[in-house]
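Visitor: One letter stands for each residue in the lines below.
2 protein chains.
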Amino acid sequence: MKLADLTKGAGEWLRGAGPMHDVVISSRIRLARNLAGVPFLAQCGAEQQNEIEQRLRREILDAGIANEVLYVDIAAAGELDRQLLVARHLISRQHATASHPRGVTVSSDETCAIMVNEEDHLRIQVLRSGLDLADAISDIMRVDDLLETRLDYAFHAKYGYLTACPTNVGTGLRVSVMLHLPALKMTGEIEKAFRAAHDMRLAIRGLFGEGTEATGDFFQVSNQTTLGKSEEQIVREFLTEMVPQFVAYERRAREALVERRVVAVDDKARRSLALLRTARLISTDETMYLLSLVRLGVNTGRLDEVDLKTINELFLLTQPAHLQKMLNKKLESEDRAEARASYIRRRLGAD
Amino acid sequence: MKLADLTKGAGEWLRGAGPMHDVVISSRIRLARNLAGVPFLAQCGAEQQNEIEQRLRREILDAGIANEVLYVDIAAAGELDRQLLVARHLISRQHATASHPRGVTVSSDETCAIMVNEEDHLRIQVLRSGLDLADAISDIMRVDDLLETRLDYAFHAKYGYLTACPTNVGTGLRVSVMLHLPALKMTGEIEKAFRAAHDMRLAIRGLFGEGTEATGDFFQVSNQTTLGKSEEQIVREFLTEMVPQFVAYERRAREALVERRVVAVDDKARRSLALLRTARLISTDETMYLLSLVRLGVNTGRLDEVDLKTINELFLLTQPAHLQKMLNKKLESEDRAEARASYIRRRLGAD
Chain A
0 MKLADLTKGA GEWLRGAGPM HDVVISSRIR LARNLAGVPF LAQCGAEQQN
50 EIEQRLRREI LDAGIANEVL YVDIAAAGEL DRQLLVARHL ISRQHATASH
100 PRGVTVSSDE TCAIMVNEED HLRIQVLRSG LDLADAISDI MRVDDLLETR
150 LDYAFHAKYG YLTACPTNVG TGLRVSVMLH LPALKMTGEI EKAFRAAHDM
200 RLAIRGLFGE GTEATGDFFQ VSNQTTLGKS EEQIVREFLT EMVPQFVAYE
250 RRAREALVER RVVAVDDKAR RSLALLRTAR LISTDETMYL LSLVRLGVNT
300 GRLDEVDLKT INELFLLTQP AHLQKMLNKK LESEDRAEAR ASYIRRRLGA
350 D
Chain B
0 MKLADLTKGA GEWLRGAGPM HDVVISSRIR LARNLAGVPF LAQCGAEQQN
50 EIEQRLRREI LDAGIANEVL YVDIAAAGEL DRQLLVARHL ISRQHATASH
100 PRGVTVSSDE TCAIMVNEED HLRIQVLRSG LDLADAISDI MRVDDLLETR
150 LDYAFHAKYG YLTACPTNVG TGLRVSVMLH LPALKMTGEI EKAFRAAHDM
200 RLAIRGLFGE GTEATGDFFQ VSNQTTLGKS EEQIVREFLT EMVPQFVAYE
250 RRAREALVER RVVAVDDKAR RSLALLRTAR LISTDETMYL LSLVRLGVNT
300 GRLDEVDLKT INELFLLTQP AHLQKMLNKK LESEDRAEAR ASYIRRRLGA
350 D
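From first to last, the protein sequence lines are chains A and B. Using numbering that gives the first Met the number 0, the first residue of the first sequence is number 0, and each one after it goes up by one. Using numbering that gives the first Met the number 0, the first residue of the second sequence is number 0, and each one after it goes up by one.
Simulated from the structure, these hints should not be mistaken for laboratory data. Bear in mind the structure is a predicted one, so any value in this text is a computation, not a measurement. You may find that some hints are simply not true.
[Unchecked claim] Label-pair restraints from in silico Cβ distances: (1) E190(B) / D198(A): 31 to 41 angstroms; (2) R251(A) / E190(B): 48 to 58 angstroms; (3) D108(A) / K328(B): 53 to 63 angstroms; (4) G77(B) / D306(A): 23 to 33 angstroms.
Glycine included, each C-beta is placed from N, C-alpha and C at the ideal position.
Model the full assembly from the supplied sequences, consistent with the hints where possible.
Guide: This is the structure in structure tokens:
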């Protein structure tokens, strides 16, 4: 498996399936882990950071976490490859732009990724399509157990797993769910949904995680603290209480739209698909905006010319890093806009 | 011939032919005339205005100005019919909204229209497709001569024809040419063209004449004064100097766009056509904007799925009055937007 293979598809987690996939794009769980008896990364010198990276790379590759894995030495990777991994949600922006020894292990289906020497020594992540947190939690526990047989984790009998940032102490677990809420946006009820999220002590972010705004119609909700609750409890709250509430809000808003303003829904969905099929130049932002409206059209049964998998994949594959990786060269903004439009037309069978 | 027949087509002058029709939509000449020995309209009482209207209606209908003519008593006409006549450039807005006795005679091909009791007793107008002022001036002179055998015009040996407003004294002639200048707009050179028009002492107006802004990419240029020049001189200046200059500017800008930014031209033209073909709701303003870009695509040879005649007709037939007349009922704005979108899709063969 090579890194370039990643541009061929969009990862298992974007296939547009799984529970409540009409509203929930994907579910993600990550665990923060550190080695016992070794300082946190920020307290290590370059040599020690290098030793940690070498050791963890070896142990992870030997642990057999998946049939096929790829290890990327981020410090040695090119800028485009680093951007690609960020766009695919396999590493964080911080991990891409840091300068110390670090890496990431990725399973070939991209459902599992383990960052080495991010903020913590280990950041284990599991991704799923739709609201499949039950499967995600059992998978990440399996990976965590596999690694724990080989590594001695920093763990405190009272506080739990010790982490570089106090907000992660305890389970070290963060659950994030990516929601598509175009109808709530269109009816103006999205602010109400945000307030509800705030009351549930959830953080809201944009499509590309921490530091990105919740633009367009995509919102990532995640827990803010991990202390004082068990892994199962955090996941259960997401799975049975919080996310189903958002899904119910959005579904009701979609039904109301189709009932009361069906022509407006048809208008927006059809215009958006037509633009994606004919544009010769298109920006990332406009692409996201149009894909979102097409997705709404498909999910309300008003549009049947495209499938969810294609739409979900286009969200990812039209990002700057992917276009450049697919064409194997760095492109200026205007050239990217042309390459993006051309790629979209081909994928939508319009060329 | 009935007024309702007017909604079936768009008038001979919008057929997208004639000299320089890639830039010049249409040419218009009008003459202001008043009866000798009768006060100007504003100085007449209601009874005298009525007498003038009755007399002129009879004389015009008897004069044989065209094979088939329609006389519309504007004071008796419904609001929708009056709006329809304004949209088709057959009467002025002022004529539509006034309340005194008045009318208009229209030839069945709409190339000739004679308003009775507008600002002057008579306003004769001739319309042509493209820059066909030579034909227009000879036709309007023919009509003027026909009427002059029956009517005694107010004429002063030194000043010429006497009119209600001093700016029309002399020949009483106004030439207006409707230009489509999308490339100058896109390249930002339109301001330069406006300054040139100002230097030539031309007035610039929007698509629907006096009181409308020059929005979109359509501009109507016309002479501001008529005194001191002969009819032939005014027309010759438009025909051989002023309009060809604008046409040359616009054509050069189009060539430059295709040479340097062909992808942007393709992008705009194709997106616009796609939107017109798929929208379920569309405003008049957006329709004009999109049609303008489609027209640019056709005129630069980058788009061949639509003909100029259809585009020109849509400019007119998508106006509120036409939609309502075609559907034979008054519609609210949202319903008009739906009817407009549906009509456009049908005309573009997209439904």
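Visitor: For each hint, tell me whether it holds in the structure or not.
Guide: Hints, verified against the model:
no.: 1; hint: E190(B) / D198(A): 31 to 41 angstroms; in the structure: 54 angstroms, violated
no.: 2; hint: R251(A) / E190(B): 48 to 58 angstroms; in the structure: 51 angstroms, holds
no.: 3; hint: D108(A) / K328(B): 53 to 63 angstroms; in the structure: 59 angstroms, holds
no.: 4; hint: G77(B) / D306(A): 23 to 33 angstroms; in the structure: 51 angstroms, violated
In summary, the numbered hints that this structure violates are 1, 4.
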